[in-house]
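Mind docking chain Z on chain Y? Use the hints.
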Amino acid sequence: MYCIVLFFIYIFAIHYTCQTMNLENTKAQMRKGILEFCILSILRSETKYASEILDSLKKSEMLVVEGTLYPLLTRLKNAALLEYRWEESTAGPPRKYYQITPQGTQMLQELNLSWKSLQKAVNSILKIK
Amino acid sequence: MNKTIDINLAGIFFHIDEKAYALLKKYLDALRNTFAKTTGKEEILADIEARIAELLRDRKSTKEQVIEIEDIEAIIAILGQPEDYVISGEDEEAPQQSNSKKLFRDTEDSYVGGVASGLAHYFGLDVGWLRIIWALLFFFSGGSFLVIYILFWVLTPEASTTAEKLKMKGEPVTVGNIEKKIKEEVNAIADKVKNVDYNKAGTTLKKKSKSFFDNFASLILSLIKVAGKLIGLFLVIIASLSLFGITLGFIVTNIVGWITEMPFDFIDVALFQNLPFWILSILVLCGVGIPMLFLLMVGIKLLAPRSNPFSFWGRLILLGLWLLSLISLIVLGTIEAKSHRFSYQAFENYSHAVSPSDTLRFSVSNEPQFKDRLTHSSDFDVIIDEEGDKHLLLQNVTFKIEPTDRDSLYLSIQKEANGASYKDAQANAQQINYAPIVDSNRIQLNSYLTTPAIKKYKNQEVAITVFVPEKQTVFIDSSVLPILGWNIPNDQNFVRWGLAGHHWNIQGNQLICLDCKPK
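Protein chains in written order, with our numbering: chain Y, 414 to 542; chain Z, 2 to 520.
Next up, chain Y with everything else stripped away, as it sits in the complex:
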């Protein structure tokens, strides 16, 4: 009897954690995609180095802590959507200035389009509600 009860609790716990994990995962994926979209948008017309990108993101409250940015930059660079050049700095270590590549621009346009349609769709759904 005791074993059966334990077994059910166990199944329930697994079920519950699976649900919450999926939700967290979706949220994270959404945030990640949007952040990448934002980084590309910030860099669309000018070259900037990490702390400038950070300032823009922080202003619009897209980022809470800076750490999140670095892996994303590296990922975008590895995907050839961004490139960088080194520039000496008087105040500290040399800086990496990031610049959007033609591929990146193309990607950004596509993202813009899908973002707009997404926004429209989501808004209409929210209004219906």
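Please note that a few of the clues may not be correct.
What the hints assert, rightly or not - Residues of chain Y clear of chain Z, computed beta-carbon distances all greater than 10 Å:
hint	residue
1	Arg457
2	Asp468
3	Leu470
4	Ala493
5	Gln512
6	Gln516
7	Ala534
8	Leu539
9	Lys540
To be verified - The list that follows gives simulated cross-link-like pairs (lysine-lysine, DSS-like), each with its CA atoms no further than 25 Å apart:
hint	chain 1	residue 1	chain 2	residue 2
10	Z	Lys184	Z	Lys103
11	Y	Lys440	Z	Lys38
12	Z	Lys38	Y	Lys445
13	Y	Lys509	Z	Lys61
14	Z	Lys42	Y	Lys461
15	Z	Lys170	Z	Lys184
16	Z	Lys42	Y	Lys445
17	Z	Lys170	Z	Lys182
18	Y	Lys471	Z	Lys61
19	Z	Lys38	Y	Lys509
20	Z	Lys184	Z	Lys27
21	Z	Lys38	Y	Lys490
22	Z	Lys26	Z	Lys42
23	Z	Lys42	Y	Lys509
24	Z	Lys184	Z	Lys26
25	Y	Lys509	Z	Lys26
26	Z	Lys456	Z	Lys391
27	Z	Lys302	Z	Lys226
28	Z	Lys42	Y	Lys490
29	Y	Lys445	Y	Lys509
30	Z	Lys103	Z	Lys38
These aren't lab readings, by the way, just hints derived from the structure by calculation. C-beta atoms are modelled at their ideal positions from N, C-alpha and C, and glycine is treated no differently.
For chain Z alone, kept in the frame of chain Y given last:
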């Protein structure tokens, strides 16, 4: 005063205080762990180092200023905890959090060496259970598990540092977790220190003794708890085994009884008027099984105090069933006892002429068809005669020889039986079939009596007494031994066994042996 260390961060030179250095190093190591599986890990880390250098340079106006722990803390607040670096997801960049546990001894939660609690952390079990398992292993292995315990004690490292404690519990070793853990410990120590200050030196003795008794009390309490669990385990094992046995017995006997009917002739004949066997077995099942069920419940309750194996009404119904079956059994027992209340003895006397010069031979010769049944030691059996009627075959027969003053030999057959009334007992006694075969100088007895099975077992008995006159010689065959009675007076002072297989002459109220070896 603190020592400082010189470091090179992204090509920039810093003076850093020892504590600040330790924190920064931990932070960077944790980041390295976080990005262990990420592509471009070195680049990301270099970027972060550069950013840290930049931030530090912003905070300190001159190169001579030393970086302190507050600076590092501020920078960590800006950059975020290692967990914040990755937006966790299922893709290939997700960090492999090192959740792998390691086996340590937990000396903070220990009775002896902290082995049990360490194992509990390792397997994610409750410590109490593991302690019980250890205790049981100690008892049942005859001490060999003591050696294993000591081996564990010696070979398993103690979790002394914070990182080890986290690893022991399977929490990922992140800066955040380490900080949390350290804060917990610091708070605990601070509380202790505060208390000491508060109580001052004058009350230390009292406090010490109090804490001693507190510890003692908690030790006793936990011992009681463990003992309770042990008792609970014992109860559960015993009760479930007996329940299993009783139920199995119930099912098997009833099924066998249904199919063959044979083994239950006994019980049928022996007990309770005409009550069907299955009713009786259900009564016994309830009467014995329900208390076992209650024991099982108590055991489960002891093991898991919050469990509730049966509802209040369930328990009430069980209790009612038990009382009902108990009362029925008592009533049936009383009826059974009543059916034995009166006893009746019927005497049949036969005289038999035998010439004094002849030797009278006593022997037992049973009918061949009963031989098998009479060899085993059970007192009664059920037989079926040619007409298909059931008869009881009972071995309650005794044989005795007594000297008499009369001139001629005579047999007295006493048939005795119990009954619910005097008349009933008389009828039962008269239904006993027992007839010895008496020849001129040979008396053949049976070692059994029969009675119609419908009369049931009512302590039916037959006692044969042969009254033998003076000077008569008798021979008691060894086959008589099973039914031979006690205390037949004889010159050899044999109690019973020696009497068979010898010739005897009746002289002066006792039997004189004619062919015994002189003492």
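Hint check against the structure, violated hint numbers in rising order: none
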